[in-house]
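Student: So you can see what is in the structure, the chains are spelled out below.
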Amino acid sequence: MLMGSSVSGRSVPPSVPGVDRNLDTSGHAAAIDVQGMNFYYGEQQVLFDISLKVPERSVTALIGPSGCGKSTFLRTLNRMNDLVDGARCTGLCLVEGQNIMDPAVDVVLLRKHVGMVFQKSTPFPKSIFDNVAYGPRVAGEKNRAVLAELVESCLKKAALWDEVRDRLHTSAMALSGGQQQRLCIARTLATNPKIILMDEPASALDPASTDRIENLIGELCSNYTIVIVTHNMQQASRVSHQTAFFFRGRLVECGPTMKIFTSPVEKQTEDYITGRFG
Amino acid sequence: MSVAGGELAGSIPPVSFTLGADGQIRQRLRLSRGFMWLCRLATYASLLVLAVLLLSIVWNSVGRLRWDFLSSHYSMQPDRCGILAGLWGTFWLVLLTATFSIPVGVGSAVYLEELAKDTWLMRVIRVNLSNLAGVPSIVYGILGLTAFRPLVIQLQSVFDGRHAVNVLGLFRVRLLKLDIYDGSVLIGAMTMSLVILPTVIIASQEALRAVPSTIRVASLALGATRWQTIWRQVLPASLPGIATGVILSISRAMGEAAPLMMIGVLTVASMCPGGIESPGQLLSDPGRLLSVPFDQFTAMPVEIYDWSKQPDPQDRFTAVAASGILVLLAVLLTVNAAAMIVRYRAGRQLRW
Amino acid sequence: MPTWAAQRISRRHETLIRWVLFVCAALSVLTTAAIIFVLLSNAVYAPGARTAFFERVSLWQFLTTARWKPTDGPGGHFGIWPLLVGTLQVAVIASLVSVPAGLGAAIYMSEYAHPREREFLKPVLEILAGIPSVVYGFFALKFITPWVLKPLFSLLGLEISIFNSLSAGIVVGIMVTPLIASLSEDVIRAVPRSLREAAFALGSTRFDVSARVVVPAALSGILASFLLAFSRAVGETMAVAIAAGGNPLLTLNPLRGAQTMTGFMVHASTGDSAADSISRMSMYAVGITLFVMTLSINLLSGWIMRRYREVYQ
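From first to last, the protein sequence lines are chains A, B and C. Read in order, the letters of the first sequence are residues 15 to 292 in our numbering. Read in order, the letters of the second sequence are residues 65 to 416 in our numbering. Read in order, the letters of the third sequence are residues 34 to 346 in our numbering.
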């Protein structure tokens, strides 16, 4: 047990408020339940037989070296890969008990339910208000008062309200990078999703903004199921209840974050989190 | 703030993702599909228009389109009327236009892209260029009519057969007597060169810009001068792009009639420039070449305009005009096919 | 030091080339100057013995008279309005045709079409753009008017003349559609892919993405392409001269003939009036109006386009 002790001896950074890294999630209902997923771009297989349960109202971090398939996996969860020519997926992916790979599934409804935040902040070249109101508007909401209330509550949830309350109708492009990213989170919240997918949401931000986003994740996870892809292991250890390690298109190991970072079962996982490759 | 799963699980309302679950979504999807079909319709309508246009012209050309249409001059009899003069006129016009506009156009592009520094004068030239490209061709016609015609009148008085030139004070050469007309091929080509020059320059600039700067740096680093780099590396590399742009501009010059109408080319012509009516005559009597630029001429689009406008109650010139259009389109197609082959070949050879 | 000498010679030779190329580049500025000089010196103020157009006909008369009859009576009538209205009428009809068609094609090719389909559609539009103006004139006069518009309007009980601005506007619209399609497609494609993905991730249909995100994001670029097409339609000559006829009527009825500014210029240059006559000189006044109009629309379009580029860089 020489190896085990050496790992457990390492310090893991403190978690953000609201995240219990030793949480036993086995009692939680699964928000997402992936069983035997294989994914192909044309002839090339990029995901091999992935099976993973994401417990409701928790944060699951997907880590792994770049090109390991973690982003691809994330994008299958709301079928963003449909937009790529030649993408093909087999296996079961149950979101709240329904297989979303079913061709009869309506992707518009699915994406409303499973929101996504991207690595690069992508504000639409419109006002802050119009950005947040976009989702409800395309879904048919026209009542201005309802929209205003929704925009306010979402901006508050995304911890952006105090900074932008006076300039809701100015262009969103004028916000700073961190503010833009929080705006994108607010915009996602406005469609009232149950699940939020985050694809390296803080990798393009400065440390202070990253901090705010991480704290935000801690606050949101009491109401939303969050799956976050990150290449920053410190971040994964800070914000997640559960961590899944991907390597070369396979899910190597998945478990409570504290366990993965202190006493991983697999050698590859340990090599990765101790920085021997990556 | 740890969460126990059991108590909260029931609070999430079940959502069905399957199609048909939500009438509102179904309606949005219908709208989306309707919009796609509208856009598709708009796109394919252009294909339909092209087909109808070509068919209507072929249909109208029935009754005149025979081989002798290519070898006949203008005639009051639609059955005998042909496009020979326009064919030769367009040929000479385009030849001279290319001679003027290619060196000047490519030269300007090279200067602007490779040599010019970013001074206010260069900025003026660049802005001016994009504006010139938007000037209607008929305005160039006014320029040709007003500025180039007096030039010819000057030439007329020099080449009237009475003047002699003193060569280096050693001997005198009597100038030939040349009939110089003011609606001449030369004037037409000068005007047309100005019309297509902005397009030639802009296309060449784009081709030069597509050459990666690593080539220039590598060449300069090997001790080549600026000009050697341009002449031996940059120009050859961008040649396919330049050629494509030039050919497309030339094909525009073939179809333009407005500036030619302005400078007063013939609409009814029964002679070809220089009297050359077949390639054989060109070889047997090359001396005629000298008078080509100074002769009056007509061009295919001008003839087509004239035939289309013939006030003829029985519409007998419609078939002539349609046949003329088919000949013009065939020539344009050949030229454009050449451009496409150049582009295709270059695309296979050069990959940055 | 032989290498030095050689170098200096090559440098001198390069300086010469540089100057020659500079002259080539400067030629375009000279062209613009020449155009402006020719127009001004014949329309506004003529140096020497000749008299310019506006020295004989007042600008006030030019802008306020509603009749354009250069050869009518001794002085003639020179009110620009019939020509201006004819021109704008054709250009507006052309825009009504080309804006929906061009924008629809641009959206289809950038957002929906399979790459292979796009590769086939693009050349079709290029061919449409490459067909000479006279051909479109013939098409309007010999096909659209007699075989499409005439039956259509006779059903409605309306009569349409052989020469009419409607058919001219339609063909000019067809001519400029590829221009709008290709320019708009370029700006629509320049909208970052991430923006589309973000919109999809918020539960948008393809229509929502195109109409609420992509097109608004590219709107100024698209507007610039509309303006450019409008200015092209204003300056379009041969198709209009054939299809709309040569009668400068002041009418808004598109079923009747009209004369545009360009149509008049072709007409005036082919007529056999003396080079110095007032009807000949009126061509320059019309020319300067046309030049100023197209130039200002183009400048506006370029300005809008530059502002659009700033947003994404």
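Treat the hints as calculated values from the structure; they're not laboratory data. Just to be clear, a hint being listed does not mean it is correct.
[Stated by the list, open to error] Residues from chain A that face chain C, not an exhaustive set, calculated with beta carbons under 10 Å:
1) MET115
2) VAL119
3) ARG125
4) VAL128
The beta carbon of each residue, even a glycine, is placed where N, CA and C say it ideally should be.
Student: What are the numbers of the hints that this structure violates, sorted from low to high?
Tutor: 1, 2
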